[in-house]
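K.L.:
What follows is each chain in one-letter form.
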Amino acid sequence: MASLGSDVWRAICDKFTNAQNLTESRNDPENDPFRSKYKARELLREIYCSLKSFEAVDGEEDSSGESGDQRPIEPPVDGQREDVFGQGFSGDSPAGLRAAKLGAIEYYLGVNHIDTEELSAGQEHLMNCMKLLERCRVSSENVSLFIHVRNQLGILWAGRDETETAQGFLETAEYIYQRYMKEQTLALVFFFYVSSLYSARLTHSPFDFLQFSFLRFELAYTHTMYYLAQVYKNLGETERAATYCHTTLQRQLKLNQFSPMEWALNAATLSQYYITKGRYMEGRHCLSAATVISGLAGEVPSEAAAQESETESERREQLRQKRAEIARCWIKYCLNLLQDAKKLLEDNIGELDTDRQEELKRARRREEEEEEEEEKGRKNALLFGSEDTFDSIASLEEKVNCLSPLEFTEARAIFLVGQNYVTQAKEFFQMDGYVTDHIEILQDHSALFRGLAFFEEDLERRCKMHKRRVDMLEPICIDLNAQYYLLIRRQLMFELAETYNEMMDLKLSLANRQADTQSLDNHTIKKFNSLCSASIKYFQMFLDSLCSPEGKLPEHLEEEVLRPALVARFRVARLYSRLICSLPSIQLDNLNKSLENYKYVAQYCEAHPEAAAAVETELELSKEMVDLLPLKINRIKARMALNN
Amino acid sequence: MPPQIFSSAITLDGRTDGAVDSREKLLEFCFDYCYWSVDPADPHYASQEEVFQDLGVSVLSGASEGYNVCLFAYGQTGSGKTYTMMGTPDSIGLTPRICQVHHWIQDVVFSLCPRSFLEIYNERVRDLLRQGEQKKRASLRVREHPEKGPYVQDLSQHVVSDCKQAMDLLEEGIANRITAATHNHDASSRSHAIFTIQYTQATLENNLPSETVSKINLVDLAGSERADPHYCRDRLTEGSNINKSLVTLGIVISALAQNSQMSSSCQSINSMASEGDGSMVGSHSSSLSGGGGGGGRRHCFIPYRDSVLTWLLKDSLGGNSKTIMIATVSPSANSYNETLSTLRYAAHARNIVNKPRVNEDANVRLIRELREEIDRLKSMLLSFEMRNPSPSLSDERDGNLSEIVLQNELKVTQGRHRWLHLPDRQCSSQLIKPVFFHLI
Numbered sequence: 001m002a003s004l005g006s007d008v009w010r011a012i013c014d015k016f017t018n019a020q021n022l023t024e025s026r027n028d029p030e031n032d033p034f035r036s037k038y039k040a041r042e043l044l045r046e047i048y049c050s051l052k053s054f055e056a057v058d059g060e061e062d063s064s065g066e067s068g069d070q071r072p073i074e075p076p077v078d079g080q081r082e083d084v085f086g087q088g089f090s091g092d093s094p095a096g097l098r099a100a101k102l103g104a105i106e107y108y109l110g111v112n113h114i115d116t117e118e119l120s121a122g123q124e125h126l127m128n129c130m131k132l133l134e135r136c137r138v139s140s141e142n143v144s145l146f147i148h149v150r151n152q153l154g155i156l157w158a159g160r161d162e163t164e165t166a167q168g169f170l171e172t173a174e175y176i177y178q179r180y181m182k183e184q185t186l187a188l189v190f191f192f193y194v195s196s197l198y199s200a201r202l203t204h205s206p207f208d209f210l211q212f213s214f215l216r217f218e219l220a221y222t223h224t225m226y227y228l229a230q231v232y233k234n235l236g237e238t239e240r241a242a243t244y245c246h247t248t249l250q251r252q253l254k255l256n257q258f259s260p261m262e263w264a265l266n267a268a269t270l271s272q273y274y275i276t277k278g279r280y281m282e283g284r285h286c287l288s289a290a291t292v293i294s295g296l297a298g299e300v301p302s303e304a305a306a307q308e309s310e311t312e313s314e315r316r317e318q319l320r321q322k323r324a325e326i327a328r329c330w331i332k333y334c335l336n337l338l339q340d341a342k343k344l345l346e347d348n349i350g351e352l353d354t355d356r357q358e359e360l361k362r363a364r365r366r367e368e369e370e371e372e373e374e375e376k377g378r379k380n381a382l383l384f385g386s387e388d389t390f391d392s393i394a395s396l397e398e399k400v401n402c403l404s405p406l407e408f409t410e411a412r413a414i415f416l417v418g419q420n421y422v423t424q425a426k427e428f429f430q431m432d433g434y435v436t437d438h439i440e441i442l443q444d445h446s447a448l449f450r451g452l453a454f455f456e457e458d459l460e461r462r463c464k465m466h467k468r469r470v471d472m473l474e475p476i477c478i479d480l481n482a483q484y485y486l487l488i489r490r491q492l493m494f495e496l497a498e499t500y501n502e503m504m505d506l507k508l509s510l511a512n513r514q515a516d517t518q519s520l521d522n523h524t525i526k527k528f529n530s531l532c533s534a535s536i537k538y539f540q541m542f543l544d545s546l547c548s549p550e551g552k553l554p555e556h557l558e559e560e561v562l563r564p565a566l567v568a569r570f571r572v573a574r575l576y577s578r579l580i581c582s583l584p585s586i587q588l589d590n591l592n593k594s595l596e597n598y599k600y601v602a603q604y605c606e607a608h609p610e611a612a613a614a615v616e617t618e619l620e621l622s623k624e625m626v627d628l629l630p631l632k633i634n635r636i637k638a639r640m641a642l643n644n
Numbered sequence: 001m002p003p004q005i006f007s008s009a010i011t012l013d014g015r016t017d018g019a020v021d022s023r024e025k026l027l028e029f030c031f032d033y034c035y036w037s038v039d040p041a042d043p044h045y046a047s048q049e050e051v052f053q054d055l056g057v058s059v060l061s062g063a064s065e066g067y068n069v070c071l072f073a074y075g076q077t078g079s080g081k082t083y084t085m086m087g088t089p090d091s092i093g094l095t096p097r098i099c100q101v102h103h104w105i106q107d108v109v110f111s112l113c114p115r116s117f118l119e120i121y122n123e124r125v126r127d128l129l130r131q132g133e134q135k136k137r138a139s140l141r142v143r144e145h146p147e148k149g150p151y152v153q154d155l156s157q158h159v160v161s162d163c164k165q166a167m168d169l170l171e172e173g174i175a176n177r178i179t180a181a182t183h184n185h186d187a188s189s190r191s192h193a194i195f196t197i198q199y200t201q202a203t204l205e206n207n208l209p210s211e212t213v214s215k216i217n218l219v220d221l222a223g224s225e226r227a228d229p230h231y232c233r234d235r236l237t238e239g240s241n242i243n244k245s246l247v248t249l250g251i252v253i254s255a256l257a258q259n260s261q262m263s264s265s266c267q268s269i270n271s272m273a274s275e276g277d278g279s280m281v282g283s284h285s286s287s288l289s290g291g292g293g294g295g296g297r298r299h300c301f302i303p304y305r306d307s308v309l310t311w312l313l314k315d316s317l318g319g320n321s322k323t324i325m326i327a328t329v330s331p332s333a334n335s336y337n338e339t340l341s342t343l344r345y346a347a348h349a350r351n352i353v354n355k356p357r358v359n360e361d362a363n364v365r366l367i368r369e370l371r372e373e374i375d376r377l378k379s380m381l382l383s384f385e386m387r388n389p390s391p392s393l394s395d396e397r398d399g400n401l402s403e404i405v406l407q408n409e410l411k412v413t414q415g416r417h418r419w420l421h422l423p424d425r426q427c428s429s430q431l432i433k434p435v436f437f438h439l440i
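Going down the list, the sequences are from chains A and B. Reminder that position 300 of the first sequence reads as 300 in this note's numbering, one-by-one numbering, no gaps. Reminder that position 372 of the second sequence reads as 372 in this note's numbering, one-by-one numbering, no gaps.
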């Protein structure tokens with residue numbers, strides 16, 4: 001650097017600044033979209049030439065350097081790993097610095113060509129940069145360039161569908177960063193970013209400059225992480241992709257390079273990935289971080305303020321909506337945790353398996369005693385947060401368990417957290433304005449109740465929980481416009497039918513448990529029948545919704561309603577045969593209706609053999625009932641005849 | 001600008017103009033209709049009238065059957081979307097034709113059909129028919145109403161009394177759109193325009209007056225290459241491309257979560273096809289699953305908002321509507337890439353209808369109970385046959401049958417105490433219960 005005259009050096013700096021500004025220009029006309037970029041390219045070429053000429057003037061150690069130009073063209077694979085730390089000139093030697101400077105210009109030329117869609121030319125410049133760097137050892141002056149150039153090559157090759165090649169460049173970048181950081185922790189303060197060599201004179205404080213270059217370096221690596229996430233995603237390595245997204249988020253936070261709401265929403269979304277994988281600890285951590293970081297976005301403007309100005313109104317809307325969305329992610333966390341626990345604990349007829357419960361509790365105790373170091377390490381690697389947010393994230397995590405609830409009290413704790421988020425989410429997603437969202441939240445709320453009911457041993461209270469589900473879904477199902485919300489109403493109808501069915505079963509169990517006498521009392525029978533009829537009503541409503549506007553049943557059931565429609569038929573058939581009544585004529589009526597519906601299932605599958613696979617068990621049972629039910633019907637007929 | 005109206009078997013031949021591209025691939029796409037309207041002299045030339053007869057008429061008949069109908073045009077800028085949808089004064093397009101004929105039907109059924117016309121530019125909704133000072137209001141809010149469905153708040157509705165007024169309205173809206181274009185260069189190719197006709201039909205149902213309301217949405221989409229103003233920034237790149245900017249991190253994570261949710265719920269066949277794939281119909285996968293009782297699936301919420309357009313057309317893309325998509329392409333070899341992507345999109349769009357599924361509890365208990373009942377019925381049948389070997393079961397007039405059945409009956413009722421003390425899960429045997437109550 002010393003050998004460059006200061007005037008010349010200043011001229012180069014100015015040129016470079018110009019080139020940078022041009023590259024970022026957004027004012028190019030539509031018909032000449034790359035005008036500024038072409039101008040920038042010219043400037044970069046001039047700089048390159050000046051540097052080259054200086055090199056010729058003070059080229060003391062050039063002999064080894066020039067030989068690189070004669071090397072055969074290498075395959076586009078990144079073969080540099082170990083050797084970048086061992087061989088070549090040291091990065092801060094004059095030759096090393098020169099190589100880095102030229103390399104940087106090659107890098108910018110490469111990016112410039114890629115920006116103007118001249119990919120092969122871009123690749124050539126980037127590979128020139130690689131070659132120049134090859135002659136150097138990794139050092140603080142060039143390490144950033146080592147990473148940057150590989151990031152660009154990664155993008156380039158991914159764009160050509162050569163994902164493995166891209167992966168190679170990016171993984172080497174990752175390796176270089178990690179190795180460098182391991183060796184250089186103490187030297188961090190002396191970070192240099194090579195492009196800053198040129199803009200150094202423009203900053204006023206050397207300290208600013210150091211910090212700036214440090215950040216650029218770290219950001220380059222954040223991008224490496226992000227690109228690798230995408231490469232792994234494209235390679236179908238979902239889990240690795242998620243880990244790299246996680247790291248990307250972690251680094252954004254650590255480097256304070258994020259906008260709170262955007263970050264929070266991304267973390268909340270990532271939690272949903274973890275939840276679908278059943279990784280609740282990670283999911284909870286993402287969600288807690290999301291909640292805490294979203295708080296950094298500031299207070300929601302008041303309604304009054306929102307009425308004053310359009311921007312405040314928009315901000316209010318945005319903040320409230322995103323916080324409500326994070327709440328909805330929390331709901332799913334609680335819901336899945338409950339449902340997973342249910343799957344874990346239920347016996348073959350969907351009731352709590354107490355043996356299994358004891359077994360799991362014992363296993364849980366064992367685990368708690370010997371929480372492994374490995375596990376802790378895994379937790380630590382995932383942690384989000386800077387010093388000031390760390391504690392609030394942790395305290396939020398403590399409020400809800402991330403292990404499957406094994407008994408009612410644990411389940412209830414999770415339920416309550418979920419219910420709390422339901423209230424929060426509904427505050428924004430109100431019925432008036434956000435119908436679909438609002439109902440989706442209600443459906444989750446209902447599902448939370450359903451999950452909790454599984455753990456409730458008291459049948460009376462269990463029944464009340466299902467009643468709560470009915471109470472929240474029924475009015476909506478009836479009031480919604482049938483045409484616009486057809487699909488959502490179908491779901492509601494099905495759920496209501498099932499809930500009524502569930503309540504009916506519970507009522508009967510209760511009655512039988514209590515009845516020491518010989519019969520069910522009239523009240524119970526009435527209750528039972530009304531629940532049974534309600535269930536039939538909603539299944540029937542569902543089936544009616546499949547009809548054409550003229551009320552005709554479709555000949556052919558669409559794939560997505562095929563199973564629900566046949567199952568609804570099957571269940572209606574069953575329900576009709578369960579209605580309790582004293583009049584044989586009505587009983588006969590009900591059994592005939594039952595038979596009719598069993599027949600429908602059997603006949604539909606006969607006419608559409610492809611449907612059979614979707615309802616295997618139901619079909620088998622329906623066929624049997626079609627054969628056997630007439631026996632029962634005839635018996636009643638016979639008895640009626642006898643009584644007359 | 002040679003108009004291209006199109007939508008049936010399209011053969012895309014990269015070789016036609018070797019100078020531009022040396023592709024040797026021959027690609028074929030199939031659609032319901034296909035029109036060629038480059039040169040009026042061409043024997044295959046399809047006129048606006050012909051297109052209207054095929055598509056416009058089916059729009060009208062769909063609406064009169066009570067369906068919501070949506071017709072939209074998609075394609076590269078300059079390939080003739082607006083020509084198809086709106087037309088030129090000499091060669092009017094689908095929208096004005098539908099307006100005219102529709103008006104005629106309207107007179108017959110005596111109903112009011114308010115119209116509205118809006119534009120979506122940069123995710124902001126503008127009323128194209130708003131008069132006077134209210135014009136200034138920046139952006140209208142899109143909402144969902146429990147009764148009215150998705151709607152635009154404060155969007156002006158216009159009832160017209162004759163065909164001429166309807167056309168004036170349409171022209172006014174188009175003019176407003178063009179005004180905007182002068183402020184924003186090329187705005188019209190970046191904005192979507194939706195013309196909506198509410199169609200109310202009064203009918204008598206069981207001698208009670210009833211109303212069927214349906215909507216016709218006629219959509220002139222933005223140019224396919226720039227439908228999204230953040231095209232380069234926010235759109236998830238296709239295939240194996242890498243998004244450069246961290247701004248897209250959210251999309252990458254959403255895609256991960258969505259894929260993972262789908263693969264965990266993928267027991268049911270084809271369930272993936274119904275989920276939007278991030279393009280126009282990228283509705284966040286509603287927490288709904290296919291049938292197939294039980295399974296280890298977990299549902300999550302992906303906080304990725306639909307675009308305003310998707311939101312507004314929600315009901316059109318749902319199950320109870322008829323949707324017609326017109327893909328417009330240019331015959332020029334220069335447009336090979338755009339044409340290919342338009343055709344791919346159109347072929348794909350057939351599958352990306354938003355179809356949420358019905359959740360179902362796995363009801364093992366019910367099945368078990370039923371099996372028990374079947375066993376009981378079978379054993380009864382067996383004992384019945386043993387005692388009464390000759391007459392067939394279905395012979396209801398057999399005199400002996402009744403008696404035998406009755407005897408059977410009494411036997412069964414004697415078992416009632418046993419039934420009552422069975423553990424509660426098994427007690428609901430319907431075979432016995434009704435009879436039991438009858439006899440008491």
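Keep in mind the hints are simulated off the structure, nothing from the lab. One thing to keep in mind: the hints can contain errors.
As the list claims (entries may be wrong) - To give a feel for the contact side, a few chain A residues facing chain B, derived at Cβ under 8 Å:
{"no.": "1", "residue": "W9"}
{"no.": "2", "residue": "C13"}
{"no.": "3", "residue": "Y227"}
{"no.": "4", "residue": "A242"}
{"no.": "5", "residue": "T243"}
{"no.": "6", "residue": "S392"}
{"no.": "7", "residue": "D479"}
{"no.": "8", "residue": "Y484"}
{"no.": "9", "residue": "K623"}
{"no.": "10", "residue": "M625"}
{"no.": "11", "residue": "L628"}
We put the CB at the ideal spot given by N, CA and C, even for glycine.
K.L.:
Does the closest beta carbon of chain B sit nearer than 8 Å to the beta carbon of T243(A)?
P.N.:
violated (11 Å)
K.L.:
Please verify that hint: D479(A), Cβ, nearest Cβ of chain B, below 8 Å or not.
P.N.:
holds (6 Å)
K.L.:
If you take the shortest Cβ to Cβ gap from Y227(A) to chain B, is it below 8 Å?
P.N.:
Interface hint status for Y227(A): holds (5 Å vs cutoff 8 Å).
K.L.:
The hint names S392(A) as touching chain B; please verify it with the least Cβ-Cβ distance against 8 Å.
P.N.:
violated (21 Å)
K.L.:
If you take the shortest Cβ to Cβ gap from L628(A) to chain B, is it below 8 Å?
P.N.:
holds (4 Å)
K.L.:
Would the hint on W9(A) stand, with a C-beta cut-off of 8 Å toward chain B?
P.N.:
violated (32 Å)
K.L.:
Closer than 8 Å between Cβ atoms is the bar; does A242(A) clear it against chain B? Give me holds or violated.
P.N.:
holds (6 Å)
K.L.:
Does the interface hint hold: is K623(A) within less than 8 Å of chain B, judged Cβ to Cβ?
P.N.:
violated (10 Å)
K.L.:
Regarding the hint that M625(A) lies at the interface with chain B, is the smallest CB-CB distance below 8 Å?
P.N.:
holds (7 Å)
K.L.:
Is the interface hint satisfied for Y484(A)? The criterion is a beta-carbon contact with chain B at less than 8 Å.
P.N.:
Result: holds, 3 Å to nearest chain B Cβ.
K.L.:
Just to be careful: measuring from the Cβ of C13(A) to every Cβ in chain B, is the smallest value less than 8 Å?
P.N.:
It is violated, given that the least Cβ distance between C13(A) and chain B is near 27 Å, above 8 Å.
Going through the hint list in order, the structure does not satisfy hints 1, 2, 5, 6 and 9.
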